[in-house]
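*Asks:* With the hints as constraints, model all of the structure from the sequences given.
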Amino acid sequence: MKTAATLTVNGAAYPVELDPHLSLLDAVRDLIGLTGSKEGCDDSECGACMMLLDGKPVNSCSYLALQADGRDVTTVEGLAEGDELTPLQRALLEHGGVQCGFCTPGMLISATALLREHPDPSEEDVRIALSGNLCRCTGYDGIVRAVRSAARSSA
Amino acid sequence: MTRTFTTAATVEDAIEALGSGARPIAGGTDLVVGARQGKASLPEAIVAIDRIASLGGIVEGEDGLRLGALVTHEEIVANDVVRARFTALADASAIVGSHATRAHGTIGGNVMNASPAMDTGGPLLCFDASARIRSTWGEREVPLDQLWTGPGTTAVDPRELLVGIDVPAPIPATGSSYVRLEYRRQMEIAVVGVTAVVRLDGGSIADARVAITALAPTIRRVPDAEAVLIGSDGAADGIAAAARATAAGSSPIDDVRGSAAYRAAMAEVIAGRAISAALARARGEHVEIPASSSTYAGLGGARA
Ligand SMILES: Cc1cc2nc3c(=O)[nH]c(=O)nc-3n(C[C@H](O)[C@H](O)[C@H](O)COP(=O)(O)OP(=O)(O)OC[C@H]3O[C@@H](n4cnc5c(N)ncnc54)[C@H](O)[C@@H]3O)c2cc1C
Ligand code: FES
Ligand code: FES
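One line per chain: the protein sequences are A and B, in this order.
Residue numbers for the first sequence, in the numbering used here: 1 to 155.
Residue numbers for the second sequence, in the numbering used here: 1001 to 1304.
Just so you know, the hints here were simulated from the structure itself, not pulled from any lab data.
This structure is a prediction, so every number in the text was calculated from the model and none was measured.
Be aware that a few hints might be false.
Derived lysine-lysine pairs resembling DSS-like cross-links, with alpha carbons at most 30 Å apart [unchecked claim]:
(1) K2(A) / K38(A)
(2) K2(A) / K1039(B)
(3) K56(A) / K1039(B)
(4) K38(A) / K56(A)
(5) K1039(B) / K38(A)
(6) K56(A) / K2(A)
*Replies:* If you want it as structure tokens, here you go:
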């Protein structure tokens, strides 16, 4: 039985009808049409689907869309201010933290959550916070450097 | 049967839904992920309990801690009282999954999922915690040593809801530690885990608790290891003997994460580390909680 709900994604409210088993990722990609968040593993291992739910990182592939009813969802599309990239997004480009880009939406969300909690993380802190985000291209070093440099530039 | 999903606003709503056959979901990090991995399909009738305000919060009283069922691992690690007095529990919650898992995964879900490899069970068992269980026919307390009946099974009826976990306050001069053998620092499942809680009186160990994780069908205490420690002076030979007794008291399985023989060998090593760390903490020495205390802003932890 589909249930009516309102998903608020990047500040916009979307009235939707959700199957009880539908994941937040599928709802946002297929019903709302925001395809920035990716599906890598579909079982909480890779972090490509990470979104913020009321400001906290969540693996949206493994989170029921109905549980997000009325909560604030942020996807990678909601990070930049118009055409203005965030310092973290710019740093990721500058430090070679993006290659194929598949992990990038989740990495950005995960690192954004970290920087909100912890404005000046150590390398160790960054590696721990990003442990749920797999990248098969970069070897992580560029990503870690980018997160630390974004932290310093916005301090 | 058609799929249904309801959101409970109160405990009464939730137990009524459970009574008519719904399964509860809190953070969903076990229930939904298990379905994704094909372990068990999602229940046809689901009741979300994650918005029940009375199930949240950590209350610290003279007599101990009251943890609401919805308290997340993130909240446990960030709580100063847990870190100072129930340190093994902070050790455990600090290493659950990634920051996304810790932000949504709850203590209630961890305990009720009843995995023999889950991390908070050993500490809760050694601290003599009990589960508060509610149903339409009343409330009861189940001590954690009676809660798990096998891998993935509990003594709780499907119509009952775990509302909270009570942890009595430890006597001063108690130190505790949970150590997990893992192949990665985060996003891991325990290959082997050991909890140790020791209380010192003068120079000797007045009381001791040792529990094993991922080493038996349920998380359980090892009385032989505890007996070796009680009355000893906490010197290296006593710790080694207790660690051997811990390994002897385990009944590990072979699986993809490790062979039974490897697990048994590592049980001794990890037990030695957990007991040593608990003793050091009982003496007031600083032993870092894993996953870097500095990750959690506002804890006052010294930054390296
Ligand atoms: C990537 C990843 C990594 C993980 N790493 C770890 C780890 O390192 N260590 C570890 O221990 N666990 C780990 N887990 C497992 C899981 O995150 C934890 O067990 C978590 O605490 C479960 O809480 P939840 O609220 O998400 O449970 P849910 O999935 O919501 O529920 C789990 C089970 O408990 C039942 N339940 C939940 N709440 C109640 C209640 N109040 N009363 C009665 N029944 C209830 C549900 O019906 C379900 O059967 C990991 C999971 C993932 C996805
Ligand atoms: S797709 Fe969600 S964690 Fe991999
Ligand atoms: S850039 Fe390709 S997976 Fe990370």
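*Asks:* Does the structure break any of the earlier hints, and which numbers would those be?
*Replies:* none
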